[in-house]
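Residue numbers (our numbering): 6 to 107.
Pairs of lysine to aspartate or glutamate, EDC-like flavour, derived with a Cα cap of 20 Å: (1) Lys35 to Glu12; (2) Lys8 to Asp49; (3) Lys54 to Glu43.
Bear in mind the hints are in silico, worked out from the structure with no lab data behind them.
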Amino acid sequence: MAKTEVEVQFTFTLPIDESLLQHKSDAERKAKEAFVLELLRHGDISAGKAAKLLDISRWDLSDLMSEAGISPFAEVTAEELAAEVETALKALNNQDDEGRHE
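Just need the whole structure built from these sequences, with the hints factored in.
Written out as C-alpha coordinates, the structure is:
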(Lines of atoms letter the chains of each structure in order from A and count residues from 1; the text may use other names and numbers.)
(Lines give C-alpha, C1' and ligand atoms only; values in the text may rest on other atoms or scores of the structure.)
Protein backbone atom coordinates (compact mmCIF):
# COMPACT_ATOMS: atom_id res chain seq x y z
CA MET A 1 0.00 0.00 0.00
CA ALA A 2 1.50 3.34 -1.06
CA LYS A 3 1.81 6.08 1.52
CA THR A 4 0.82 9.62 0.69
CA GLU A 5 1.56 12.65 2.82
CA VAL A 6 -1.53 14.70 3.51
CA GLU A 7 -1.66 18.06 5.24
CA VAL A 8 -4.19 18.06 8.06
CA GLN A 9 -5.53 21.34 9.35
CA PHE A 10 -8.16 21.88 12.01
CA THR A 11 -10.21 25.04 12.33
CA PHE A 12 -12.87 25.64 14.92
CA THR A 13 -14.49 28.59 16.64
CA LEU A 14 -14.73 28.97 20.38
CA PRO A 15 -16.53 31.76 22.23
CA ILE A 16 -13.81 32.89 24.65
CA ASP A 17 -12.81 36.11 26.30
CA GLU A 18 -10.04 38.05 24.51
CA SER A 19 -7.87 37.85 27.62
CA LEU A 20 -7.60 34.09 27.09
CA LEU A 21 -5.95 34.52 23.67
CA GLN A 22 -2.58 34.72 25.42
CA HIS A 23 -2.82 30.93 25.80
CA LYS A 24 -3.66 30.30 22.14
CA SER A 25 -0.24 29.05 21.01
CA ASP A 26 0.06 26.69 23.99
CA ALA A 27 -3.43 25.34 23.28
CA GLU A 28 -2.58 24.83 19.60
CA ARG A 29 0.62 22.96 20.51
CA LYS A 30 -1.26 20.71 22.93
CA ALA A 31 -3.96 20.02 20.32
CA LYS A 32 -1.26 18.97 17.83
CA GLU A 33 0.35 16.75 20.49
CA ALA A 34 -3.01 15.12 21.22
CA PHE A 35 -3.65 14.43 17.53
CA VAL A 36 -0.18 12.96 16.92
CA LEU A 37 -0.33 10.86 20.10
CA GLU A 38 -3.69 9.40 19.02
CA LEU A 39 -2.19 8.43 15.65
CA LEU A 40 0.68 6.81 17.54
CA ARG A 41 -1.67 5.05 19.99
CA HIS A 42 -3.54 3.43 17.09
CA GLY A 43 -0.35 2.43 15.29
CA ASP A 44 -0.95 4.77 12.36
CA ILE A 45 2.52 6.30 12.75
CA SER A 46 5.79 5.22 14.37
CA ALA A 47 7.36 6.80 17.43
CA GLY A 48 10.10 8.22 15.23
CA LYS A 49 7.53 9.85 12.95
CA ALA A 50 5.62 11.21 15.96
CA ALA A 51 8.78 12.79 17.39
CA LYS A 52 9.57 14.32 14.00
CA LEU A 53 6.04 15.71 13.58
CA LEU A 54 6.21 17.28 17.04
CA ASP A 55 9.81 18.45 16.50
CA ILE A 56 10.96 16.85 19.75
CA SER A 57 13.51 14.20 20.72
CA ARG A 58 12.57 10.55 21.11
CA TRP A 59 13.36 10.99 24.82
CA ASP A 60 10.81 13.84 25.13
CA LEU A 61 8.31 11.77 23.14
CA SER A 62 8.78 8.95 25.64
CA ASP A 63 7.72 11.35 28.41
CA LEU A 64 4.63 12.43 26.44
CA MET A 65 3.74 8.80 25.73
CA SER A 66 4.01 7.98 29.41
CA GLU A 67 1.76 10.93 30.34
CA ALA A 68 -0.77 9.78 27.74
CA GLY A 69 -0.66 6.15 28.89
CA ILE A 70 0.85 4.89 25.65
CA SER A 71 3.19 1.94 26.07
CA PRO A 72 6.32 1.98 23.91
CA PHE A 73 6.01 -1.81 23.73
CA ALA A 74 2.35 -2.08 22.73
CA GLU A 75 3.13 -3.58 19.33
CA VAL A 76 6.15 -5.62 20.39
CA THR A 77 5.78 -9.31 21.09
CA ALA A 78 7.53 -10.88 24.07
CA GLU A 79 9.92 -12.64 21.68
CA GLU A 80 10.79 -9.39 19.87
CA LEU A 81 11.38 -7.61 23.17
CA ALA A 82 13.59 -10.46 24.44
CA ALA A 83 15.63 -10.29 21.21
CA GLU A 84 16.06 -6.52 21.61
CA VAL A 85 17.19 -6.94 25.22
CA GLU A 86 19.65 -9.65 24.19
CA THR A 87 21.08 -7.42 21.45
CA ALA A 88 21.44 -4.52 23.89
CA LEU A 89 23.18 -6.72 26.46
CA LYS A 90 25.62 -8.01 23.83
CA ALA A 91 26.40 -4.44 22.78
CA LEU A 92 27.04 -3.46 26.40
CA ASN A 93 29.28 -6.49 26.93
CA ASN A 94 31.26 -5.67 23.79
CA GLN A 95 31.65 -2.10 24.99
CA ASP A 96 32.92 -3.33 28.38
CA ASP A 97 35.39 -5.69 26.67
CA GLU A 98 36.74 -2.88 24.48
CA GLY A 99 37.22 -0.67 27.54
CA ARG A 100 39.32 -3.34 29.27
CA HIS A 101 41.72 -3.62 26.34
CA GLU A 102 42.62 0.09 26.32
